[in-house]
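Asker: What follows is the residue order along each chain.
Number of protein chains: 2
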Amino acid sequence: MTLILSNDYVERLLTMPDCIEALELAYLEMAEGRGISRQRSDCITPTTYSEDAIYGLKSMDGVVPKLGVGAIRINSDIVTNPLIGNTHRRVKIPAAPNDRYVGLVLLFSTHNGEPLAIFPDGVLQRMRVGTTNGLGIKYMARENARTIGILGSGWQAETQLTAACAVRQIESVKCFSPNQENREAFCARMTALLKIPVTPVTQAEEAVGGVDIVMCGSNSLDAIYFHKWIEPGMHLSSIKKPEIEPDAIRAAHKVVVHTHDTAPILVIAKGANFKEQTKDPGWNAANKIDFKKYPTLPQLIAGHVPGRENDQEVTCFLNNLGLGYQFAAAGSVIYKRAKEQNVGIGLPTDWFTETVHP
Amino acid sequence: MTLILSNDYVERLLTMPDCIEALELAYLEMAEGRGISRQRSDCITPTTYSEDAIYGLKSMDGVVPKLGVGAIRINSDIVTNPLIGNTHRRVKIPAAPNDRYVGLVLLFSTHNGEPLAIFPDGVLQRMRVGTTNGLGIKYMARENARTIGILGSGWQAETQLTAACAVRQIESVKCFSPNQENREAFCARMTALLKIPVTPVTQAEEAVGGVDIVMCGSNSLDAIYFHKWIEPGMHLSSIKKPEIEPDAIRAAHKVVVHTHDTAPILVIAKGANFKEQTKDPGWNAANKIDFKKYPTLPQLIAGHVPGRENDQEVTCFLNNLGLGYQFAAAGSVIYKRAKEQNVGIGLPTDWFTETVHP
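The listed protein sequences derive, respectively, from chains W and L.
Here the numbering used here is used: position 220 in the first sequence is 203, and no number is missing along the way.
Here the numbering used here is used: position 70 in the second sequence is 53, and no number is missing along the way.
Please note: incorrect hints may appear among the correct ones.
If several chains are the same, the list does not tell them apart, and a pair holds so long as it fits within one copy or across any two.
Here are the simulated lysine to aspartate or glutamate pairs, DMTMM-like style, with alpha carbons at most 25 angstroms apart [to be verified]:
1) K322 x D82
2) K275 x D205
3) K258 x E296
4) K258 x D35
5) K275 x E15
6) K75 x E141
7) K237 x E7
8) K275 x D1
9) K178 x D273
10) K211 x D82
11) K319 x D333
12) K258 x D1
13) K271 x D35
Think of the hints as simulated: they come from the structure by calculation, not from any bench.
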């Protein structure tokens, strides 16, 4: 049987501790060269959806032999570029039937090659981002870190906090994001979920002042955390290149990045109205950072480089680019749990295999 | 509905003339920069299948906006390396349940991103190879070419001949391959299929002597066609880098290659018992050819470079590497015909899409 799973199932099946355990093991494998990831690629073309939109076919893959799986993650996107405020923002449109997005993970067995499962990427997408930054905290933040200031209250912010709370005994969180309504709703929801006070504040500086861990979990195209706000012993965490001002990165005693892959392979068709995000001012500044000079999270987890060496050091983890590899590692857990709990739609594996030699 | 199609359906739905028409249009789009392809990538790791085997997760993708589709082709392979004669051969093992191979094409709409169809790659794999070499013949062989000598009688040879007969009024074919039984069975089958005499011969030189078109359609790791055999006005066609001796390529007046992509992106895990095919003697010789200095089939089809200029010229088409793009172009025909004929298993598209922003 090849399992078809929905986001609802993925959410139910994949707990944060499971996801952290799987990715931690997978990163160790990667550091030792036994697990591998293929750089993301984006094919961008015009679309008949609308004149100002583009079509994007994106893929990334990775294999974790120790977990017995390989995975490919595919996105098939319609993206528009509306002017919001005074900058163009990329907005992904749910253009597929019933107003839906298209993102898929296909999971394969490294033992016999068979397609084990097919599931949407949405829930896993943010789980793996959260998990990766959670591992950054586990290996870099002070053991006795108890407080977090988070910038952002969107989709990613939730898993950022959940992951942090899974690796440290967090007692309280302050949150700033520009929209009052959003941040208050987020804080109420997270207070209930994490069973610790998550408090909205009206200034970014207030959120990140006097805390042990600063988490940037935003959708910003510009820096939102600045050098002048750094305090001794802090751990800084970011999910997107431009979030932390380059001077703040340079001021940290230890900086670790997710990967040395620097950017996706980009293939753009003539006529595609494509504006490279990396040409935005915030990305421009971030791109002056040489991410390759910093060690990677897998190297840190494997002990190839030192983590924090005392309580005064400022540490910084930059989740600079995602990897198909994360989908393989977390996918192995989803599949295992789905089999244990006997859930999902089982389709005949023969539908996705063949007798013809390809 | 997202359509699940079997190889049987693909074979029935996709005719050679349709496939040629779709690829011809797609190559034109590619030459003009409006259609794009992403270089193949191979992730190679050890497998628990057996000690001498490797696992390979391979993917390639491409988008043809004019045909309204993008496609990704994925292979999830168990490969062994047995010693056959005195060379190691790669043998793909049908290790998935019910002794099956794993190769899939996922077809997406560039209009709204939706997953249109999922089908195995095996039948299409050789159809697109045949079609591409057929287009080489259409644009390079003499208009009055009537005879073919083919080297090889395997899986690929069949579609090579079918494609050639779709673009020229071929009247007879001679075939050599090392195994008498295979070549005789092949000739009997092709005689019935093409309704022209396809005759087995006992020497390679005999097969390719005095013919208008030489087709190499083998699985050889060494050269099988040699410089000394060239005759004026011939068209030489090859599906694999080592088949035509480099000196024969150099002697041709016009040489065209399929693509300037030279090799897949290769990511190899530690411990994978992987022997690069390109290090074999035959490939080594072929790799001395600078494929990038020759124009590509898309450039030829678009008229950016001249084809044959007189009946005395020797022309040569080298199908040096496959493209995900071919699966998109041919896939659009398969999908269109399946809809027209109302065949395949229709699954709810919602199973492969999501409400969650990925």
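Asker: Confirm or reject each hint.
Answerer: Results of checking the hints against the structure:
Taking CA atoms no more than 25 angstroms apart as the test, K322 paired with D82 passes between copies only; the shortest distance there is 22 angstroms, against 30 angstroms inside one copy. Taking the shortest Cα distances, K275 and D205 sit within 25 angstroms of each other inside one copy (21 angstroms), while across copies they are farther apart (41 angstroms). Proximity of K258 to E296 under the C-alpha cut-off of 25 angstroms is found in neither arrangement, the shortest distances being 39 angstroms within a copy and 46 angstroms between copies. Taking the closest pair of Cα atoms, K258 and D35 come within 25 angstroms of each other only inside a single copy of the chain (11 angstroms); across copies the shortest separation is 47 angstroms, beyond that limit.
In this assembly of identical chains, the alpha carbons of K275 and E15 lie at most 25 angstroms apart only when taken from the same copy (18 angstroms versus 36 angstroms across copies). Proximity of K75 to E141 under the C-alpha cut-off of 25 angstroms is restricted to the intra-copy arrangement: shortest distance 20 angstroms within a copy versus 45 angstroms between copies. Only within a single protomer do K237 and E7 lie at most 25 angstroms apart by alpha-carbon distance; the minimum there is 20 angstroms, versus 55 angstroms between protomers. Neither within a single protomer nor between protomers do K275 and D1 lie at most 25 angstroms apart by alpha-carbon distance, with minima of 29 angstroms and 48 angstroms respectively.
Neither within a single protomer nor between protomers do K178 and D273 lie at most 25 angstroms apart by alpha-carbon distance, with minima of 39 angstroms and 65 angstroms respectively. Taking the shortest alpha-carbon separations for K211 and D82, neither the intra-copy value of 44 angstroms nor the inter-copy value of 63 angstroms comes in at or below 25 angstroms. Taking identical chains as interchangeable, the C-alpha atoms of K319 and D333 lie at most 25 angstroms apart whether they share a chain (20 angstroms) or sit on different chains (23 angstroms). Proximity of K258 to D1 under the C-alpha cut-off of 25 angstroms is found in neither arrangement, the shortest distances being 38 angstroms within a copy and 36 angstroms between copies.
For the homomeric pair K271 and D35, neither the shortest alpha-carbon distance inside one copy (30 angstroms) nor that between copies (45 angstroms) is at most 25 angstroms.
Hint check: violations occur at hints 3, 8, 9, 10, 12 and 13; the rest are consistent with the structure.
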